Amino acid sequence: MITLRDVRKSYEDEVTIGPVDLQIPTGGITALVGPNGAGKSTLLTMIGRLLGMDDGAIEIAGYDVASTASKDLARIVSILRQENHFITRLTVRQLVGFGRFPYSKGRLTQHCEDTISKAIDFLELTELEHRYLDQLSGGQRQRAYVAMVLCQETDHVLLDEPLNNLDMKHSVQMMRHLKRAATELDRTIIVVLHDINFAGRYADHICAVKDGRVVEFGTPATIMTDEVLTRVFDTEVQVIDGPNGALAVYY
Amino acid sequence: MAEATITRPDRRTPPASGRTTSAFGTPRAHRRYRITLAVLIVLAVGFGFGLLAWDNPMPVGSDGFWRIARMRATSVLVMAIVAICQATATVSFQTATNNRIITPSIMGFESLYVAIQTAAIYFLGVSGLVALTGLPQFVMQVAVMVGLSLLLYGWLLSGRYANLQVMLLVGIIIGGGLGSVSTFMQRLLTPSDFDILTARLFGSVSNADPDYFPVAIPLCVAAAVALWLRARRLNVLTLGRDATNNLGLDHRSEIMKVLFGVSLLMATSTALVGPMTFLGFLVATLAYQISGSADHRHIFPVAILTCFVVLSGAYFIMRNVFYAQGVVSIIIELVGGSVFLVVLLRKGRL
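Residue numbers (UniProt numbering), protein chains in the order written: chain A, 1 to 251; chain B, 1 to 350.
So here's chain A without its partners, still in its complex pose (with noise of 0.2 Å):
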């Protein structure tokens, strides 16, 4: 369970985020949705301690965000963010070990080594795993980064639109990896998806931000309609039945 609770952040004068007060249930996954700007990332990024807030508190499993050591926050959330890039040439395993940091302060040890090898073969990276991250493609790439956090083994995991850049195909394995996490590895997830249908059908629980504020909140079946994704995105969307369940067309 992850509290939000007046949480504030401003940047210059007129963009601010919140008050937000959130409760994000425990277990399955949570789409954070709205326009360009609305705040996702900054919301998910206080959640991750990686950015401070000005007011407000945020607690994880019952950790105060603030206040809570970081090493020891790195064993109950991690964090993913939408650019990464390394000065080092890593190949695949290296980088997943080092989802192993806050356990073996990088001495790896048998289990560590064996939850690394777990953590690949869940995201399909078996036999690339020796590959350079340079070598790889853009969703072999994104996946590794995925079992990296995935590898840390805490209960949240906070991906910051992890399909960006993604092609239909790629976007479409890294929805099923994720809902695989949640369900078999038993994962909170929360992600930033700008693709509302992606959210009707992979998310179960869908949070809306617009300017800064939470507008809705709600499973996909509350948020996937007319009224509420029009008022949200600004845009005329309507909402059709497709074959697996609602779908927003909005062009």
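Worth flagging that the hints you see were computed from the coordinates, not collected in a lab. Among the clues, some could well be false.
Derived DMTMM-like pairs (lysine to aspartate or glutamate); straight-line CA-CA distance at most 25 Å [what the hints assert, rightly or not]: (1) Lys-71/A / Asp-250/B; (2) Lys-105/A / Glu-333/B; (3) Lys-257/B / Asp-72/A; (4) Lys-105/A / Asp-295/B; (5) Lys-105/A / Asp-250/B; (6) Lys-71/A / Glu-59/A; (7) Lys-105/A / Glu-254/B; (8) Lys-71/A / Glu-254/B; (9) Lys-118/A / Asp-295/B.
If you want the ones that stay clear, here's a sample from chain A, every Cβ over 12 Å from chain B, calculated [claimed, not checked]: (10) Glu-184; (11) Glu-236; (12) Asn-244.
Remember, predicted model here, so these are calculated numbers, not experimental data. Where is the CB? At the ideal position from N, CA and C, for every residue including glycine.
Model the placement of chain B on the given structure of chain A, informed by the hints.
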């Protein structure tokens, strides 16, 4: 030797069946790393011994031989200190700033050294330069350089708008400003004063005074060991700010600690032998190219050994081929720069 390696269980060699994480991409890279390390050790010992023994008129092992060697040993020791300082500092600095093409000298250490030396001769004449030699003066120079850098880090890396890039830029600007002030003062010197000053401003092993060792060696060893012990944390720092914080390390405080170590090392090296602008950058880049690993535990030894080989090799050649000992930095920049370009062009990436 070979048998010993095979029979001894090595935790870094993956067992045939299990899947393990190696710091090297392939077993071949691991083998190559060991060979590289061995070659570097042989070269380092060779050049070190060459400096002691070459042109030594007494037979090796006799009393007279060691007496002459002991007099030369000072410069070998200085090279070892400089190698440890420059190599460790540059590798750590590049990791802390997440940038592979800069060197800690741009933070103004060397311009500060030049400014101090120039100001001494400008205001006090040649006697001023003499007054700058001595243990207390050495300690003072190190303290001023470390103080300046701490001021810079403390000011620009704490607070709300902490920014590494801005810190680097301010460092460069301060360095540039100090350089211009020095150049201006040098213009007003008499030619003979200027000549004496120039000799001091070329990085040279012969600038070092054995009297400085009781301070320089502990400083260098302490800072280098501290950074070496943080090697695993440095590995994490290469992932950048967000990933580091995600893994439970406080990025800012890690950076501060690393930069403090770097400034100690750079100040010691610069106060000891003068500016060596290119050396650290050269050996750090070469170390990454030839070691085949991104793990700091493997990079540090290669970088330090490379640094020692480059220094002692350049010194050996200058002394025994060109008979122009003293201006080692010139040959380092000439030959080192060419080697660097060749390696870079052949490999095609940094």
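Which numbered hints does this structure break?
2
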